[in-house]
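From first to last, the protein sequence lines are chains A and B.
Our numbering puts the first residue of the first sequence at 340, with every later residue one more than the last.
Our numbering puts the first residue of the second sequence at -7, with every later residue one more than the last.
The reader is advised that the hints may include incorrect statements.
As the list claims (entries may be wrong) - If you anchor each label on the Cβ, the simulated ranges turn out as follows: (1) R93(B) to T365(A): 35 to 45 angstroms; (2) K458(A) to P94(B): 39 to 49 angstroms; (3) E397(A) to D84(B): 27 to 37 angstroms; (4) V42(B) to S466(A): 35 to 45 angstroms; (5) A448(A) to E8(B): 34 to 44 angstroms.
Treat the hints as calculated values from the structure; they're not laboratory data.
Note that the Cβ used here is the ideal one computed from N, Cα and C, for glycine as well.
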Amino acid sequence: MRTSRRAMLASAPALAVALLRPAGATPETMQDAIRDFLGEAGPVREGRVTLDIPPLVENGNAVPLTVTVESPMIAEDHVRSIALFNERNPLPQVLVAQLGPRAGAARLATRIRLATSQKVAALAVMSDGSVWSDSADVIVTLAACVEG
Amino acid sequence: MARVLLQVPATAKRGEVIELRTLIQHPMETGFRPGASGELLPRNIIRRFVCTWNGEEVFRAEFHPAVAANPYLAFTTVATESGTIAFTWSGDNGFTQTETRPITVET
Chain A
340 MRTSRRAMLA SAPALAVALL RPAGATPETM QDAIRDFLGE AGPVREGRVT
390 LDIPPLVENG NAVPLTVTVE SPMIAEDHVR SIALFNERNP LPQVLVAQLG
440 PRAGAARLAT RIRLATSQKV AALAVMSDGS VWSDSADVIV TLAACVEG
Chain B
-7 MARVLLQVPA TAKRGEVIEL RTLIQHPMET GFRPGASGEL LPRNIIRRFV
43 CTWNGEEVFR AEFHPAVAAN PYLAFTTVAT ESGTIAFTWS GDNGFTQTET
93 RPITVET
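One chain only, chain A, in its complex shape:
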């Protein structure tokens, strides 16, 4: 039996869905992951954290970023952990760092993967339990994880 042109056209959306990658993180799963990470700590407030990430990147396979947190980093007042989350990769978590007064400054730099244009969030948990955050929108022209 020959497949008619119309039947082929009708099946095209199904084919497109089959070719897409499995459903990944969404803004909601990012919020869930943040809640899991924080546990009792919170609420999340904007400020004190600076997420430095290019607003437009060509290659999502390695996006450089720097997180800096304003903190004296002394025994009574320091950053306990810094965490990175994303909205639209297959998984919402990126990296969790544990530091303390021995770090001297609350600053870290790394390179991450971004599957598509999305929002990246950085959170810092302080020694007093307060949580501060910053987020940035990144436009990705060549996504990570597309090539086979």
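Put chain B on the given structure of chain A with help from the hints.
Below, chain B alone, put in the same frame as chain A:
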């Protein structure tokens, strides 16, 4: 053994905040990517990184598949006393590697 690039100052003043930069060769295979046969390649990533100064932990990180291949990590620490800084990466398939660097702290 994976190739490692470390940037650690040889000397520092006591109390100075120094930056340590680390890079390790690793594919960080996400587990979401199909291979040549079309099957998903199994996940193979570095999960943990720990930095110790004379045995005392100064920094620790947990990686997820969204960390880029050949993980790069730069962070800071306070120079306290002369000794050894150790960097340990561990992850899937029993991967573990430790590198050490000597450091002299002047008063």
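Going down the list of hints, with the structure as the test:
1. Checked against the hint of 35 to 45 angstroms, the pair R93(B) and T365(A) passes, with Cβ atoms roughly 42 angstroms apart.
2. Under the hint 39 to 49 angstroms, the C-beta atoms of K458(A) and P94(B), about 42 angstroms apart, fit the expected range.
3. As the Cβ distance of E397(A) to D84(B) is approximately 29 angstroms, the hint placing it in 27 to 37 angstroms holds.
4. Under the hint 35 to 45 angstroms, the C-beta atoms of V42(B) and S466(A), about 20 angstroms apart, miss the expected range.
5. Between A448(A) and E8(B) the C-beta distance comes to about 19 angstroms, which lies outside the given range of 34 to 44 angstroms.
Of the numbered hints stated above, those contradicted by the structure are hints 4 and 5, listed in ascending order.
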